[in-house]
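*Asks:* Take a look at the letters that make up each chain.
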Amino acid sequence: MTLEILMQNIANGITLGSLYALLAIGYTMVYGILRLINFAHGEIFMISTYFAFYGIAIFALPWQLSFVMAIALTALLGVVIERAAYRPLRDAPRISALISAIGVSFLMANLGLVIFGGRPKTFFRPQLFQIPIQLGRIRVVALFFIIPVLTVVLLAILNYIVYKTKIGLAMRAAQWDFDVARLMGVEVDRAISVTFAIGSALAAIGGIMWGLRFVEINPNMGLFPGLKCFIAAVFGGIGNIAGAVLGGFLLGFGEIMLVAFLPGLAGYRDAFAFVLLILMLLFRPTGLLGEKQRVRT
Amino acid sequence: MISHRRLVTCLVLLIMVNLVGVATAATPTEVRIGVYEPMTGAMAAGGQMTWEGIELAQKQRPNVLGLPVRLILVDNRSDKVEAATAVTRLVQKDKVHAIIGSYGSALSMSGGPVAQQAKVPVMGCSPTNPLVTIGNDYYFRACFIDPFQGRVMAQFAFEKLGAKTAAIIQDVAQDYSVGLANFFREAFIELTGDPKAIVGFTSYQTGDRDFTAQLTYVANAKPDVVFAPGYYADAAVLVTQARSLGLAMPFLGGDTLEAPEFIEIGGKDVEGVYFSTHYSADAPITPASEEFVALYKSEFNKQPNTFAALGYDCYMLVLDAIEKAGVVDPVAIRDTMAKTKDFVGATGIITLDANGDATKSAVVLQVQNGEFKLVDVVHPR
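Going line by line, the protein sequences match chains A and B.
Residue numbers for the first sequence follow the numbering used here, so the first one is 15 and each next one is one higher.
Residue numbers for the second sequence follow the numbering used here, so the first one is -18 and each next one is one higher.
The following block holds chain A by itself, in its conformation from the complex (with noise of 0.2 Å):
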């Protein structure tokens, strides 16, 4: 393997991980307050591209617009099913909710099916992101920089925002307890309906990233990224933010460097994603930059 063909999967590997990072985050900030693995995370992250790309094609919206509303309308829609889905379900055993995430899965899915039907749909290809970039003999788009960047960026704003806000603080304090947080005073719910809004945001940001990366948009293609996004989140330390980011870079990293390395065992990066979540699970249960265990009443 010569340099440059290294220096071009890098590249690869950084836009793919990126992508995978994006969606991490919601995996885990969920995680994080509610100890809820949010299995309708990749279902949000469908619809999100859905609304993208009927701003577009329907409303006729420019596709600034667009996009913009599709973060807020998916932000929205996270707080609508954590409404409907879970919180009524605060008090019941954590399994309880668990399944009831799949279900939503499950039924936004199949409601997708219905809705949008089942050929796929191809998503809004503006030029501007197309821009071919030749750096030496590596050739890229200019989405490759796009993506990366924008997942640094959103991570600084998002650790400001955890760390430096009353919200922040509030959904800080929601993780170690919700009755004492109530106790002094934190709105617990509004705290989970925050987080519940950042994360699907950061799945539409996500979402319509891949759309304007890979083109063609179908009701099933939460599934995939949703289960690979649950593993790099896992992998970099569950509830741990910085750990999804880096679970994610390291996972897309791991598949672009199997195939580059071992083209013959390309059609199995599905299976190797999942060998490298039970062997994290069996060695480091929780995760590379995971925090304690700790026992919560």
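Worth double-checking, as some hints may not be accurate.
[As the list claims (entries may be wrong)] Covered, in the sense of this in silico footprint (three residues per stretch, anywhere, with C-beta under 8 Å from a C-beta of chain A), are these stretches of chain B:
| # | segment |
| --- | --- |
| 1 | 189 to 195 |
| 2 | 346 to 352 |
[Unchecked claim] Simulated crosslink set (EDC-like; lysine to aspartate or glutamate; CA at most 20 Å straight-line):
| # | chain 1 | residue 1 | chain 2 | residue 2 |
| --- | --- | --- | --- | --- |
| 3 | A | Lys135 | A | Asp105 |
| 4 | B | Lys76 | B | Asp310 |
| 5 | B | Lys40 | B | Asp301 |
| 6 | A | Lys135 | B | Glu245 |
| 7 | B | Lys177 | B | Glu140 |
| 8 | B | Lys61 | A | Asp284 |
| 9 | A | Lys135 | B | Glu11 |
| 10 | B | Lys141 | B | Asp118 |
| 11 | B | Lys320 | B | Asp334 |
| 12 | A | Lys135 | B | Glu352 |
| 13 | B | Lys76 | B | Glu167 |
| 14 | B | Lys74 | B | Asp301 |
| 15 | B | Lys203 | A | Asp284 |
| 16 | B | Lys283 | B | Glu352 |
| 17 | B | Lys145 | B | Asp118 |
[To be verified] From the structure, some residues in chain B lie toward chain A, with a derived Cβ separation under 10 Å:
| # | residue |
| --- | --- |
| 18 | Met20 |
| 19 | Pro43 |
| 20 | Gly47 |
| 21 | Pro49 |
| 22 | Arg58 |
| 23 | Ser59 |
| 24 | Ile150 |
| 25 | Val199 |
| 26 | Ala200 |
| 27 | Asn201 |
| 28 | Val218 |
| 29 | Thr221 |
| 30 | Phe281 |
| 31 | Phe324 |
| 32 | Thr332 |
| 33 | Ala335 |
Everything labelled a hint here was simulated from the structure, so no lab data went into it.
Just so it is clear, CB atoms sit at the ideal spot from N, CA and C, and this is done for glycine as well.
Position chain B against the provided structure of chain A, taking the given hints into account.
*Replies:* Coordinates of chain B only, in the frame set by chain A:
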């Protein structure tokens, strides 16, 4: 005593009801044809196009043996497990007399054994992998098979494009793609006489969206052409990424590229892509082709596609077999279906061989200005 008499009355009534039931089963009031196709999922376009053709054929010919034909459609969701379930449902719940389907060789291979066990004949529209009919005396098909299709594209690459080397990117989750990739490889090596003519061979899985690593590997191998026999959506995304990575060589594929989605998703990037398929409205073969084209255009107001034509032919083939059998009995239908000879279909003259496969010509199409254009017709030897 009274209760005994009641019991006897009940039994007699029950027997009578049963007799009536048997009597109606012997003289059916309708012919039920089950259809299992991928109406959703990764192959949805293929299933929906096929269904259009089947429905069109039923409109054209709604009766056989003086009985109305009822079509029962089950969506197999592009999923192998669902495909077996769909066939089970058709034979057990709907008690169909014959089955049509399915786009996607893997789906047909998963539904096939179920139909065979239930002794219900199946007419496949476009599953091209040879294993669909081998060892299954209840499975037939109206299309050619992949050893031929692989050779057609290898020959096209070698003779028409002057290719000396090729790289292959297969969809490892699809029997269709894996089979076709291998037949292309064998034929291409044989034609070039160079055992190293395939300079790259790699895979992906249905639904994968990032192909950059595979394409970087292929770019490094510098082949004259790339053969990527995958389904339309995956292939369109693959070609798009290839172009953005600067791969400029011709891309080739199989019949599964023929879907409007391939052009919609791929846009300008898929211009120039070649693929083989079963039929082109630009090259009508039989009187039935012209009739079909006229019918399709008046119904849908657009140029017909291969899969609608094959769906149309399949329905007509099944009705032909039922008519010749003279009874609505699955086993009798199978026997006449196996003897199909010189059937004039929209996609060509269909004669089924011992395996239940048809031997037909292939056409090579190219994407030109956002349309599929005929560039070559290849007849079987």
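*Asks:* With reference to the structure, classify each hint as holding or not holding.
*Replies:* Evaluated hints:
1. Counting residues of the segment 189 to 195 of chain B whose C-beta sits closer than 8 Å to any C-beta of chain A gives 6, which meets the bar of three, so the coverage hint holds.
2. Counting residues of the segment 346 to 352 of chain B whose CB lies closer than 8 Å to any CB of chain A gives 0, which falls below the minimum of 3, so the coverage claim is violated.
3. A hinted pair counts as satisfied when its Cα atoms are at most 20 Å apart, and Lys135(A) with Asp105(A) does not qualify at roughly 41 Å.
4. Of the pairs offered as hints, the one joining Lys76(B) and Asp310(B) holds, with about 11 Å between alpha carbons and a cut-off of 20 Å not exceeded.
5. For the suggested pair Lys40(B) and Asp301(B), the alpha carbons sit about 15 Å apart, so the restraint of at most 20 Å is met.
6. At roughly 8 Å between alpha-carbon atoms, Lys135(A) and Glu245(B) fall within 20 Å of each other, so this suggested pair holds.
7. Note on Lys177(B) and Glu140(B): the hinted pairing holds, with a Cα-Cα distance of about 18 Å set against a maximum of 20 Å.
8. Proposed proximity of Lys61(B) and Asp284(A) is supported: the alpha carbons are some 18 Å apart, at most 20 Å.
9. With a C-alpha separation of about 39 Å, the suggested pairing of Lys135(A) with Glu11(B) is violated against the 20 Å cut-off.
10. For the proposed pair Lys141(B) and Asp118(B), the alpha carbon gap of about 38 Å is over 20 Å, so the pair is violated.
11. Using a Cα cut-off of 20 Å, the hinted pair Lys320(B) and Asp334(B) holds, with the two alpha carbons roughly 8 Å apart.
12. Proposed proximity of Lys135(A) and Glu352(B) is supported: the alpha carbons are some 18 Å apart, at most 20 Å.
13. Between Lys76(B) and Glu167(B) the alpha-carbon distance is near 42 Å, which puts this suggested pair outside the 20 Å criterion.
14. As the CA atoms of Lys74(B) and Asp301(B) are separated by approximately 25 Å, the hinted pair breaks the 20 Å bound.
15. Between the alpha carbons of Lys203(B) and Asp284(A) the distance comes to roughly 27 Å, so the proposed pair goes past 20 Å and is violated.
16. Restraint check for Lys283(B) and Glu352(B): satisfied, since their Cα atoms lie roughly 12 Å apart, inside the 20 Å limit.
17. Restraint check: the Cα-Cα separation between Lys145(B) and Asp118(B) comes to about 40 Å, which exceeds 20 Å; the hinted pair is violated.
18. Checking Met20(B) against chain A by beta carbon gives a least distance of about 6 Å; that is within 10 Å, so the hint holds.
19. Violation of the interface hint for Pro43(B) is found here, the shortest Cβ-Cβ separation to chain A being roughly 27 Å, above the 10 Å cut-off.
20. The interface hint given for Gly47(B) is broken, as the beta carbon of that residue sits about 36 Å from the closest beta carbon of chain A, more than 10 Å.
21. The beta carbon of Pro49(B) comes no nearer than 29 Å to any beta carbon in chain A, farther than 10 Å, and the hint placing it at the interface is violated.
22. The closest approach between the C-beta of Arg58(B) and any C-beta of chain A is roughly 8 Å, which is under the 10 Å cut-off, so the hint is satisfied.
23. Proximity of Ser59(B) to chain A holds as hinted, the smallest CB-CB distance being about 8 Å (cut-off 10 Å).
24. The interface hint given for Ile150(B) holds, since its Cβ lies 8 Å from the closest Cβ of chain A, which is under the 10 Å cut-off.
25. Nearest Cβ of chain A to the Cβ of Val199(B): about 9 Å, under the 10 Å cut. The hint holds.
26. Residue-level restraint check for Ala200(B) holds (minimum Cβ-Cβ distance to chain A is 8 Å; threshold 10 Å).
27. About 5 Å separates the beta-carbon of Asn201(B) from the nearest beta-carbon of chain A, less than 10 Å, and the hint is met.
28. Look at Val218(B): its Cβ gets to within about 5 Å of chain A, closer than 10 Å, so that hint holds up.
29. Hint status for Thr221(B) relative to chain A: holds, with the closest Cβ pair at about 6 Å, below 10 Å.
30. Checking Phe281(B) against chain A: minimum C-beta separation of about 15 Å lies over 10 Å; hint violated.
31. Using the Cβ-Cβ criterion of 10 Å, the hint placing Phe324(B) at the interface with chain A is not satisfied: the shortest such distance is roughly 31 Å.
32. Annotation: interface hint on Thr332(B) violated; nearest CB of chain A at approximately 34 Å, more than 10 Å.
33. A cut of 10 Å between beta carbons decides the hint on Ala335(B): the least distance to chain A is about 34 Å, and the hint is violated.
Figure legend: structure checked against the earlier numbered hints; hints not met, in rising order: 2, 3, 9, 10, 13, 14, 15, 17, 19, 20, 21, 30, 31, 32, 33.
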